[in-house]
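J.: Chains as they are written, first to last, in my numbering: chain A, 6 to 339; chain B, 6 to 339.
A portion of the hints provided could be inaccurate.
Unchecked claim - Among the chain A residues that face chain B by a calculated CB cut under 10 Å, a handful are:
no.	residue
1	Thr157
2	His160
3	Lys161
4	Lys278
5	Glu279
6	Asp282
7	Leu289
8	Val318
9	Gly323
10	Met332
Said to hold, decoys possible - Result set (DSBU-like, lysine-lysine): computed pairs, CA atoms no more than 30 Å apart in a straight line:
no.	chain 1	residue 1	chain 2	residue 2
11	A	Lys203	A	Lys118
12	B	Lys118	A	Lys134
13	A	Lys7	B	Lys7
14	A	Lys7	B	Lys118
Simulated from the structure, these hints should not be mistaken for laboratory data. Predicted, not measured: the structure shown is a model, and the values here were computed from it. Cβ atoms here follow ideal geometry from the backbone N, Cα and C, with glycine treated the same way.
Number of protein chains: 2
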Amino acid sequence: MKEPIRVIQYGVGPIGAAMVRLMLEKPGLEIVGAVDVDPAKAGKDLGEVARAGRKLGVAVSAAAAPVLKAGGDIVVHTTSSYLVDVQEQLLECLDAGINVVSTTEELSYPFRKHPELSRLLDSRARERKVALLGTGVNPGFAMDKLALTLATVCHKVEAVEVRRVVNASKRRLPLQKKVGAGLTVEEFRAQVAAGILKHHGLPESAAMIADGLGLAVDRIEETIDPMVAEEKVVTEFLEVAAGRVAGVHQIARAFAGPKQLIFLELKMYVGAKESIDAVTIHGLPELNLAVNGGIHGDLATVAVTVNCIPEVVQARPGLRTSRDIPMCFFPGTT
Amino acid sequence: MKEPIRVIQYGVGPIGAAMVRLMLEKPGLEIVGAVDVDPAKAGKDLGEVARAGRKLGVAVSAAAAPVLKAGGDIVVHTTSSYLVDVQEQLLECLDAGINVVSTTEELSYPFRKHPELSRLLDSRARERKVALLGTGVNPGFAMDKLALTLATVCHKVEAVEVRRVVNASKRRLPLQKKVGAGLTVEEFRAQVAAGILKHHGLPESAAMIADGLGLAVDRIEETIDPMVAEEKVVTEFLEVAAGRVAGVHQIARAFAGPKQLIFLELKMYVGAKESIDAVTIHGLPELNLAVNGGIHGDLATVAVTVNCIPEVVQARPGLRTSRDIPMCFFPGTT
């Protein structure tokens with residue numbers, strides 16, 4: 006029997022809590038610590054905070070230092086979408102000599118937006134001989150890794166299109182609000198302009214595809230528009246009148262000069278008739294892949310992150326991305 | 006500019022020749038040697054033998070030893086489907102301290118059928134600090150790696166089905182003959198019984214999926230039946246009368262006790278209306294993936310093998326499989 010992998014959960018919000026519940030089902034993972042800055046959670050048992058149905062004998066700590074000092078093999082980090090917001094948290098984990106897998110979207114492929122910070126994280130991880138990975142379903146899988154994997158069968162790749170449609174109707178209320186469901190178009194535009202309303206990660210996915218497939222991309226553009234309800238949409242949580250916003254319609258385009266090489270389109274809205282993840286590769290041969298029914302966002306982000314734990318623990322030291330590691334289901338080891 | 010990866014092509018039949026032609030398009034790969042036992046090829050320029058359209062300044066050698074002694078970073082090995090037939094060839098490459106990527110189907114996941122030989126190859130590769138990988142499109146990608154990759158988004162996996170339909174009508178004559186096109190059903194059955202007629206790799210794919218997803222498989226069964234032409238089929242190369250064999254219909258099933266956990270179905274025949282690669286994962290969530298139009302076999306085997314070269318060169322020493330390495334298109338490095 007192998008030694009279990011000792012995990013520290015950093016951030017026990019809804020996604021972090023779901024990570025904990027999934028990890029409890031995996032033999033071979035042992036949760037040895039938990040961190041959350043929320044004073045309402047500090048000192049409480051992680052099982053209670055994560056609604057795991059039982060006590061885990063692990064107290065949530067408001068401070069990371071003592072938990073990291075006590076040691077572990079990997080930190081599962083779920084605190085923010087923005088890399089600059091979490092850089093100190095990540096560096097502290099690396100300095101403690103602990104591997105990190107994080108859902109920070111901007112960490113999934115940070116080299117274009119944050120080149121200096123990428124170099125710093127990479128060199129720090131190498132110094133400490135640990136690996137750092139940002140992943141999740143999107144970015145991290147559905148709009149990047151899946152296309153890269155499919156391209157393994159290609160002789161040539163000229164251009165890539167990825168389309169993801171997510172029906173937000175059956176998702177939790179925060180997700181429905183996050184995509185702007187129920188807003189007027191003007192409110193939506195104002196929230197986009199204020200940087201409040203946005204799904205993060207499309208430019209990161211485009212950059213990962215460009216570098217992975219050797220596409221000479223010189224710029225990546227992103228647009229965020231509303232999906233407007235054509236008829237009234239009623240979900241468990243809210244109602245969207247016709248003409249109001251049902252969700253987001255985001256597109257990232259990557260170009261080499263005037264030529265578009267990558268097109269990534271995400272529609273995430275309530276009332277979507279059909280969820281789908283589709284990849285088209287133009288090249289030799291032409292390829293069309295579809296996941297009909299789509300890949301569920303919240304479930305999948307939690308799964309991807311937990312399933313990557315064993316690979317991150319044994320990865321080459323440094324800043325890794327979904328592109329670098331073999332991704333697979335982790336059944337747990339005993 | 007990085008040092009190029011120095012490649013030795015071992016086996017210059019139709020597939021090996023296609024490997025050479027594709028490698029010539031990849032900056033960062035340099036073909037430094039070639040081996041083929043065929044006396045008709047020995048001494049000739051590899052470019053001529055591989056119909057590359059130009060001389061390459063590399064003579065095909067009937068003996069491996071001098072080529073391996075001259076050195077290289079990786080051998081691209083394309084000589085036989087059977088592991089016992091190629092074990093000496095593989096060991097000789099490993100003993101020379103050279104990494105190997107091979108299309109030998111039985112090498113793709115050899116642990117069940119050849120446990121001792123697997124251990125020998127693994128330990129020899131580790132001793133020499135090189136990696137050895139058996140791969141290709143099937144086994145190696147379409148009926149194993151694709152399913153494993155998709156399962157990354159799962160919380161639980163209970164069972165897996167993979168269906169691959171290949172229209173052999175537009176494939177080369179040897180492939181059409183290999184699947185038995187034109188035979189009577191009796192001839193087909195006799196050739197199956199004699200071990201002549203078979204697509205190799207389904208049990209290997211089933212074993213890779215079982216181990217990768219932690220499915221407690223205790224036995225794998227395989228059946229080979231004819232696809233019988235319902236009406237006359239005419240291809241560029243041959244004609245199949247109604248009632249004659251159009252191709253193979255192979256199924257591998259993996260069980261835990263009485264329960265079927267893995268179902269792999271391959272139909273490769275002339276006159277197939279539609280090629281497709283489809284993966285269904287039963288679990289949480291349920292997933293359905295389809296590559297409509299399918300993944301072209303010959304093209305893809307060559308692509309998968311060449312695209313894996315950089316990963317094999319930097320892989321952990323030992324016997325690796327498609328499961329262990331990140332698979333992606335290799336655009337070439339300059």
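J.: If a hint holds in the structure, say so; if it doesn't, say that too.
T.: So, going through the hints one by one against the coordinates:
Using the Cβ-Cβ criterion of 10 Å, the hint placing A:Thr157 at the interface with chain B is satisfied: the shortest such distance is roughly 4 Å. Checking A:His160 against chain B: minimum C-beta separation of about 5 Å stays under 10 Å; hint holds. Taking 10 Å as the C-beta cut-off, the interface hint given for A:Lys161 holds, the closest approach to chain B being about 8 Å. With a cut of 10 Å, the hint placing A:Lys278 at the interface with chain B is violated, because the nearest CB-to-CB distance is about 17 Å.
Interface hint status for A:Glu279: violated, as the beta-carbon distance to the closest one in chain B is roughly 12 Å, over 10 Å. With a cut of 10 Å, the hint placing A:Asp282 at the interface with chain B holds, because the nearest CB-to-CB distance is about 9 Å. At its closest, the beta carbon of A:Leu289 sits 7 Å from a beta carbon of chain B; the interface hint therefore holds under the 10 Å criterion. This hint is violated: A:Val318 has a C-beta 13 Å from the nearest C-beta of chain B, more than the 10 Å allowed.
Hint status for A:Gly323: violated, given a least beta-carbon distance of 13 Å to chain B, over 10 Å. Evaluation of the A:Met332 hint against chain B yields a held restraint, the C-beta minimum of about 4 Å falling below 10 Å. The hinted pair formed by A:Lys203 and A:Lys118 meets the criterion: a straight-line CA distance of about 16 Å does not exceed 30 Å. Of the pairs offered as hints, the one joining B:Lys118 and A:Lys134 is violated, with about 37 Å between alpha carbons and a cut-off of 30 Å exceeded.
Between the alpha carbons of A:Lys7 and B:Lys7 the distance comes to roughly 39 Å, so the proposed pair goes past 30 Å and is violated. Between A:Lys7 and B:Lys118, the direct Cα distance comes to roughly 25 Å. Compliance with the 30 Å bound is thereby established for this hinted pair.
In summary, the structure is inconsistent with hints 4, 5, 8, 9, 12, 13 from the numbered list given earlier, while agreeing with the others.
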